[in-house]
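Using our numbering, you'd call the opening residue of the sequence shown number 4 and step up by one each time.
No lab work stands behind these hints, which were simulated from the structure alone. For glycine and all other residues, C-beta sits at the position ideal for the given N, C-alpha and C. Among these hints, one or two may not hold up.
Said to hold, decoys possible - Taking lysine to any residue and the SDA-like style, the derived pairs with C-alpha atoms no more than 25 Å apart in a straight line are:
| # | residue 1 | residue 2 |
| --- | --- | --- |
| 1 | K49 | S107 |
| 2 | K45 | L14 |
| 3 | K56 | L23 |
| 4 | K56 | L14 |
| 5 | K59 | V102 |
As the list claims (entries may be wrong) - Ranges between beta-carbon positions, derived for each pair:
| # | residue 1 | residue 2 | range |
| --- | --- | --- | --- |
| 6 | G62 | R104 | 37 to 47 Å |
| 7 | M4 | Y50 | 15 to 25 Å |
| 8 | C95 | A17 | 15 to 25 Å |
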Amino acid sequence: MTVINSVLGPLDTADMGFTLMHEHIFGAAAGITQNYPGLMEKDYMKYIIGGLKEAKAGGIDTVVDATTVDLGRDVNIMAEASRKSGVNIIACTGWWLTVPRFVSGTTPDQWAE
4 MTVINSVLGP
14 LDTADMGFTL
24 MHEHIFGAAA
34 GITQNYPGLM
44 EKDYMKYIIG
54 GLKEAKAGGI
64 DTVVDATTVD
74 LGRDVNIMAE
84 ASRKSGVNII
94 ACTGWWLTVP
104 RFVSGTTPDQ
114 WAE
């Protein structure tokens, strides 16, 4: 049994099914949903979950979400969307273009924690 981490926890790779390898279920500036929720479309979660349910009905079991932190990756949104749609979501790590200044002076062990 080989296991990969999904936004809902460990996932046996045998249970991944048909997988889309580079998707973006949500994109915004980092921190927008937490700090400025009024800027979001009113029913954005309904839209995200509905799209994932359509994908599931079309045979998609898992998506790898390639949205990085600087593009608004939000694992809480991904987890809710995964729970409510039945689609496994694998979140990526890292940054899109440039490493943010707050990374300077941190260690790999800090990020691993």
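Comparing the hints with the structure gives:
1. K49 with S107: violated, 37 Å
2. K45 with L14: Roughly 32 Å between the alpha carbons, so the hint for K45 and L14 is violated.
3. K56 with L23: Distance ~14 Å between K56 and L23 Cα, so the pair holds.
4. K56 with L14: holds, 19 Å
5. K59 with V102: violated, 34 Å
6. G62 with R104: 37 to 47 Å: holds, 43 Å
7. M4 with Y50: 15 to 25 Å: violated, 35 Å
8. C95 with A17: 15 to 25 Å: The hinted range 15 to 25 Å holds for C95 and A17, with Cβ atoms some 22 Å apart.
In the structure shown, a violation is registered for the earlier hints numbered 1, 2, 5, 7, in ascending order.
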